[in-house]
Every structure is written in structure tokens, then in C-alpha cells.
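Number of protein chains: 2
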Amino acid sequence: MGYMNTASMHAGGGEPRWLTDEEQRVWQAYLHATTLFEDHLDRQLQRDAGMPHVYYGLLVQLSRAPHRRKRMTDLAMGAKITRSRLSHAIARLERNGWVRREDCPSDKRGQNAVLTDEGLKILERTAPGHVEAVRQAMFDRLTQEQVEQLGQIMRIVAEGLQPEDSGADLPWLR
Amino acid sequence: MGYMNTASMHAGGGEPRWLTDEEQRVWQAYLHATTLFEDHLDRQLQRDAGMPHVYYGLLVQLSRAPHRRKRMTDLAMGAKITRSRLSHAIARLERNGWVRREDCPSDKRGQNAVLTDEGLKILERTAPGHVEAVRQAMFDRLTQEQVEQLGQIMRIVAEGLQPEDSGADLPWLR
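Same order as they appear, the protein sequences are chains A and B.
Residue 174, in my numbering, is where the first sequence stops; the numbers in between run on with no holes.
Residue 1174, in my numbering, is where the second sequence stops; the numbers in between run on with no holes.
Treat the hints as calculated values from the structure; they're not laboratory data.
It is possible that part of the hints are untrue.
Each computed SDA-like pair below joins lysine to any residue, with the alpha-carbon atoms no more than 20 Å apart [stated by the list, open to error]:
no.	chain 1	residue 1	chain 2	residue 2
1	A	Lys121	B	Arg1100
2	A	Lys121	A	Ala65
3	A	Lys121	A	Pro163
4	B	Lys1121	B	Pro1066
5	A	Lys121	B	Gly1160
6	B	Lys1121	A	Gln46
7	B	Lys1121	A	Ala91
8	A	Lys108	A	Met72
9	B	Lys1121	B	Arg1083
10	A	Lys121	B	Arg1047
11	B	Lys1121	B	Arg1092
12	B	Lys1121	B	Arg1047
13	A	Lys121	A	Pro16
14	A	Lys121	B	Pro1016
15	B	Lys1121	B	Arg1141
16	B	Lys1121	A	Lys108
17	B	Lys1121	B	Lys1108
18	A	Lys121	A	Lys108
19	B	Lys1121	A	Arg17
20	B	Lys1121	B	Gly1097
21	A	Lys121	A	Ala91
22	B	Lys1121	B	Pro1016
23	A	Lys121	A	Pro66
24	B	Lys1108	B	Arg1092
Distance ranges between label pairs, derived from CB positions [claimed, not checked]:
no.	chain 1	residue 1	chain 2	residue 2	range
25	B	Glu1148	A	Asp140	44 to 50 Å
26	B	Pro1105	A	Val114	43 to 49 Å
27	A	Gly110	B	Glu1159	32 to 38 Å
28	A	Thr82	B	Glu1094	27 to 33 Å
29	B	Asp1107	A	Asp103	57 to 63 Å
Each residue gets a CB set at the ideal place from its N, CA and C atoms; glycine is no exception.
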């Protein structure tokens, strides 16, 4: 799914560095696994709590923050999503009564999101089923060695995609 | 982001099988890498061809199929997406002139999607930049051993999420 090997026309220096057959198979497996997994977790959380996976992740972030509150920009960075996607999610969570927004005392333009008692309850009720879904789909299927390998590989990829330099096109800076 | 360790109330048998600290770090790295990567490829393809990553994958599938055509249901299965998401994508690609739909001769209710010459041109023009983006973000950063490990792990996860039994809740069967 990643690309094709038959392209003949291309602009820019040198021959394209096409993937080998083995790399193509790996890339395909990566796309299949990640697409299926995200769909699976969205379905599980929609069924159990009426929210998609990304919303759940925001509640988790807030539950772990001091005083259950976090700046909107930090939340977006933690979830690796754009500010506009975050705003939309927080508005929905606020309508559910699970989160509320407040002005940030230290920064006039900033806002905090705060996890409500109701939000914490939803999280506590949903977490056991969610961790079970994650375990069954991933950790139960891998050896301890594979879990370590996966962690190393994913850290390398994640670090490469968020370079330190300030010009990087990162979702939460858009 | 996966879940919390503090839940005290839960229904269902036994203590929840919370993730260990190490598993949590792996899970977090997985979520960060996959979210950043999908965003990165969407941006790259929007910039270079005005389409998101999933649309590009559909064009690739068609380019590899005999006579550049594929049944809609097979396309959805190949992309691991729902039929409604596929319909939406194909409608957009059709408006761009890159794909056309035709009735399936062997199945009165079925439809094929066909890659047009224009669609093939777009793919050929876009593929070199796309494969470069995939290489830079993933394959250039991993050792040959890590690429093999990633392939094994992703195949295990993907297979677990699409069991053979007919009752499975798979996106393309919804």
C-alpha cells in the first residue's frame, strides 16, 4: 500500500529509493496492524464509553496531571494532535460533563482543561475493559523480547518525527 | 495514554491486568509513533497530491490489480477500512478523475473501482516523494534486524485483529 515500483517519471535528484520486497511486506504489515488496532480500540471505547480512542487518551492525560489539570497546548502535544482537533475533542468532553475549561492563571491567553469527578468516574469504569483490549490485541501475543524490540523501534520512529529544531511541522504547533 | 492504574471499581471477573511500567512505556511509544507517522504522511501527500494517506493507498491497490480494477469490497478489505469510508474516498477520487466506478459483470450488486490513466499519472508523480518520506521516517532509522522484528510483530498483531471466524467485527464487513 505504501507506494509503487513502476513509476518512471519523477522530478528531483537521483533514482527513487524504492522499498525492497521485504521492506514492502513490513510496511504493509505495519499499515494493516496499526489501522486495524486503531479501529478496534475506537470500537471498544465507543461501545463501552461512547467516545473514540483519542478522547480516552485525553482523559488519561488529565488523570495523571497534578490537580487533574493541564494546559491545552500540553494536552495537544501529549496526544500528538493538532490544536484544532484538541479543541473539538475537549468541547465534546465538556458537553458530556467529563472535562471543564478554565483560564490559565499564569498565562492570559492560555486555557487549562480539568478532569471533573464525573470524568474520573467514567475513566475508572472504562479502564479495565480498555487495558484488557490492549493486552489481548498486543501484549498477550508478543514475547517479552518482542515487547522490548517494539518499544525500541517505536521510540526511534517517534523521535525521528519530532525533531528538536523549532521549524518542525508538528501537529500541536499548527 | 493507554489507561490508568488507579481504577478501583470495575465489573467483571478478577483484578484488571494493568500494564507494567515497561509495558506502559512501550504502549505510549507505539501511540506516539503511529499517530505522528500518520499525520506526517497525510501532510506529505496533501502537500504533494492533495489527498490523504488512505486515498493514496487505494490508488496503489488499484495500480497493482489486474486491469487496474478491483471490487469495492476487496478494496475496503485491503485498506482495512469500512465500506462507508471507502465509498466516501472513492467518490472523492472519482470527482478528481483518478478513479471511475463500473458495475461488476459477475455480480449484479457489486461494483468495481478502476484506476484511470490520470490516476496512474498522479500515482507515478507522487510515489517517489512518498517512498522517500516513508524511508526517512522509518527504514533509514532502523537496522536490518529491527526491520525484521517490526515485520514479525506487526504481522502477529494484524493477524490477531482479523480472526478467521465469520463473526469477527471487521471494518469492511460492517
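Ascending list of hint numbers which this structure does not respect: 1, 3, 5, 6, 7, 9, 10, 13, 15, 16, 17, 18, 22, 24, 25, 26 and 27
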